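Heads up: the protein sequence lines correspond to chains S and F, in order. One gets my numbering by counting positions in the first sequence from 1 and adding 11 to each. One gets my numbering by counting positions in the second sequence from 1 and adding 11 to each.
It is worth saying that the hints were derived from the structure and are not from the lab. Worth double-checking, as some hints may not be accurate.
As the list claims (entries may be wrong) - Straight-line distance between alpha carbons at most 27 Å, and here's what the computed DSS-like set of lysine-lysine pairs gives:
#1 F:Lys88 to F:Lys35
#2 F:Lys246 to S:Lys88
#3 S:Lys88 to S:Lys35
#4 F:Lys246 to F:Lys183
#5 S:Lys246 to F:Lys88
#6 F:Lys35 to S:Lys183
#7 S:Lys183 to S:Lys246
What the hints assert, rightly or not - If the Cβ cut is set under 10 Å, some of the chain F residues that face chain S in the computed set are:
#8 Val86
#9 Thr121
#10 Ala130
#11 Glu155
#12 Ala204
#13 Phe208
#14 Ile249
#15 Gln251
#16 Gly255
Said to hold, decoys possible - Chain S is nowhere near these chain F residues, computed Cβ spacing over 10 Å in every case:
#17 Asp19
#18 Gln22
#19 Pro66
#20 Ser71
#21 Ser91
#22 Glu105
#23 Ser163
#24 Ser233
#25 Gly272
Here the structure is a predicted model, which is why all the values come from computation and not from measurement. For every residue, glycine included, the Cβ atom is placed at its ideal position computed from N, Cα and C.
Residues per chain are reported as follows:
Protein chains: 2
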Amino acid sequence: MCPAEIPDGRQRGYIIPIGGAEEKVPEAEILNRFVELCGGRRARLAVIPTASQLPETGDSYRRLFRDMGARDVDVLKIESREDGSNEDYISALESANGVFVTGGNQVRLTTIIGGTPMAQALRRANAHGVHVAGTSAGATFIPEHMIAHGDSGATPRAAMVQLAPGFGLTNKAIIDMHFRERDRIGRLLTALAYNPFAVGLGLDEDTAAFIGPDDVLEVYGSGAITVVDPSELSKSTIDQVEPGSPVSLIGVVLHVLARGGRFDLVSRQASI
Amino acid sequence: MCPAEIPDGRQRGYIIPIGGAEEKVPEAEILNRFVELCGGRRARLAVIPTASQLPETGDSYRRLFRDMGARDVDVLKIESREDGSNEDYISALESANGVFVTGGNQVRLTTIIGGTPMAQALRRANAHGVHVAGTSAGATFIPEHMIAHGDSGATPRAAMVQLAPGFGLTNKAIIDMHFRERDRIGRLLTALAYNPFAVGLGLDEDTAAFIGPDDVLEVYGSGAITVVDPSELSKSTIDQVEPGSPVSLIGVVLHVLARGGRFDLVSRQASI
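The shape of chain S in the complex, shown without the other chains (with noise of 0.2 Å):
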């Protein structure tokens, strides 16, 4: 699960997580820009609409991005872990430069893609040069560690957490979403603290991470991205404390970054 192998003289694609909410209408902006990295009119694109149990939210969006100007948009109903050994699917992911996976449950993606050939599949896609956009449950599900569940508030609490293995496009941060509406800090801290060597990106809704294949990101849309970096933590209580008890961390950092913002997850550098 693992990030693919990227082969000699390509380049990742980017990986674009967004908060859940974002602007649908023609001109929205983050939107625009993914299907703009894609190509533009010659982009091709496949939605994975597994997260919802909306039968519409596939087509509303194959709708949207048509608006926007992206040439073919494929849906891929993926519906059971059979469907994730679909080769018509399989053949339309490889032939497509942009990936975006809807809002919805993301232990419903996990659960009925993870470990088939199309997990697989996306994984190389991305490896090869393919763009992967994601919106709340569906930016969630692209990290090695997955927040499966969690409660609110802003305090970190053992056990408040509850961790899944994710898609594996990346590990170098765990993402969390509906980040300032849903008051999410608090699990974001504590799914770090377990093991302090990811960065946590906290979206809030509207807006979007663009990572690109140099692990910079840079911040899209109408909020902010909290970025929290445990790489400096001197103390952490997590391993000594009942479930359900306040953690005491000493040390982290973090940045609050609002559009144009940047981000090295490498280096971890933040600049505005």
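Guided by the hints, dock chain F onto chain S, whose structure is given.
Then chain F, alone, in the frame of chain S:
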């Protein structure tokens, strides 16, 4: 945190999870096999006692490995995140040909060592050929996805297990220990159900999986290993049920392997 890259012409060292409570006498099967693999009388071992809070744990293993004939045994007393950058410890690790991680609390291991230079050095050492064994907590911490906590019982129930990022020596298996003794098949099934890409290994006490560079494991010791393979899983309800409710799973394959049994983590073939 994914496994480090294996240099050309080298092969990864063995990965050796042990289910806890292994026999600790000079003629003990599992620990002798480990010492022998590391070169017998030429073995240079590093012991990481961080999971344990008993001050004598590291020294007890040092005496035992010396009694078994190992030439050098260093105990790396990593007790704080600062110690995770200690150059002496890192160079002791780099000159070892085997690393042994004791039992205790696996969340202590990840909280103290996760994201430090020591964690990187350990992944790099294993990729360069150093054998890494761990017992109990030291076994659980080995994979990319680690069981941090969980409840007992045979039936998988949503949210009965807490996963956290482990040390990432392999992403082909999720490991549980004291397996028969603490009735843990439910929590292992739950851990796999979220994203059925990995194999589950449930290790009884005094039982070890010697996982070779070819990703074939062989069973040593007096108990058994329960191998749970979800690759043929056709349906799961973990995305639908409430926390605490039983999860339906259709098509999980299970093998029970005692001493001498083998399992290939790539082809998913078992043999006895």
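Status of each hint after checking the structure:
1. F:Lys88 to F:Lys35: holds (21 Å)
2. F:Lys246 to S:Lys88: holds (17 Å)
3. S:Lys88 to S:Lys35: The given pair, whose Cα atoms are some 21 Å apart, holds under the 27 Å limit.
4. F:Lys246 to F:Lys183: holds (21 Å)
5. S:Lys246 to F:Lys88: holds (17 Å)
6. F:Lys35 to S:Lys183: Given pair lysine 35 of chain F, lysine 183 of chain S is violated - Cα atoms ~39 Å apart, limit 27 Å.
7. S:Lys183 to S:Lys246: Roughly 21 Å separates the two Cα atoms, so the pair holds.
8. Val86: violated (20 Å)
9. Thr121: At 4 Å from the nearest chain S Cβ, threonine 121 of chain F passes the 10 Å test, so the hint holds.
10. Ala130: holds (7 Å)
11. Glu155: Where the cut-off is 10 Å and the nearest Cβ of chain S is about 7 Å from glutamate 155 of chain F, the hint holds.
12. Ala204: holds (7 Å)
13. Phe208: Holds, because the Cβ-Cβ distance from phenylalanine 208 of chain F to chain S comes to roughly 4 Å (cut-off 10 Å).
14. Ile249: Holds - the Cβ of isoleucine 249 of chain F comes within 10 Å of chain S, reaching about 6 Å at its closest.
15. Gln251: holds (8 Å)
16. Gly255: Violated, because the Cβ-Cβ distance from glycine 255 of chain F to chain S comes to roughly 12 Å (cut-off 10 Å).
17. Asp19: holds (14 Å)
18. Gln22: holds (17 Å)
19. Pro66: Proline 66 of chain F clear of chain S: closest Cβ-Cβ about 17 Å, beyond 10 Å.
20. Ser71: holds (22 Å)
21. Ser91: Serine 91 of chain F not clear of chain S: closest Cβ-Cβ about 8 Å, inside 10 Å.
22. Glu105: holds (20 Å)
23. Ser163: For serine 163 of chain F, whose nearest Cβ neighbour in chain S is about 15 Å away, the distance exceeds 10 Å, so it holds.
24. Ser233: holds (30 Å)
25. Gly272: holds (23 Å)
Violated hints, listed in ascending order, are 6, 8, 16, 21; each of the other numbered hints is respected by the structure.
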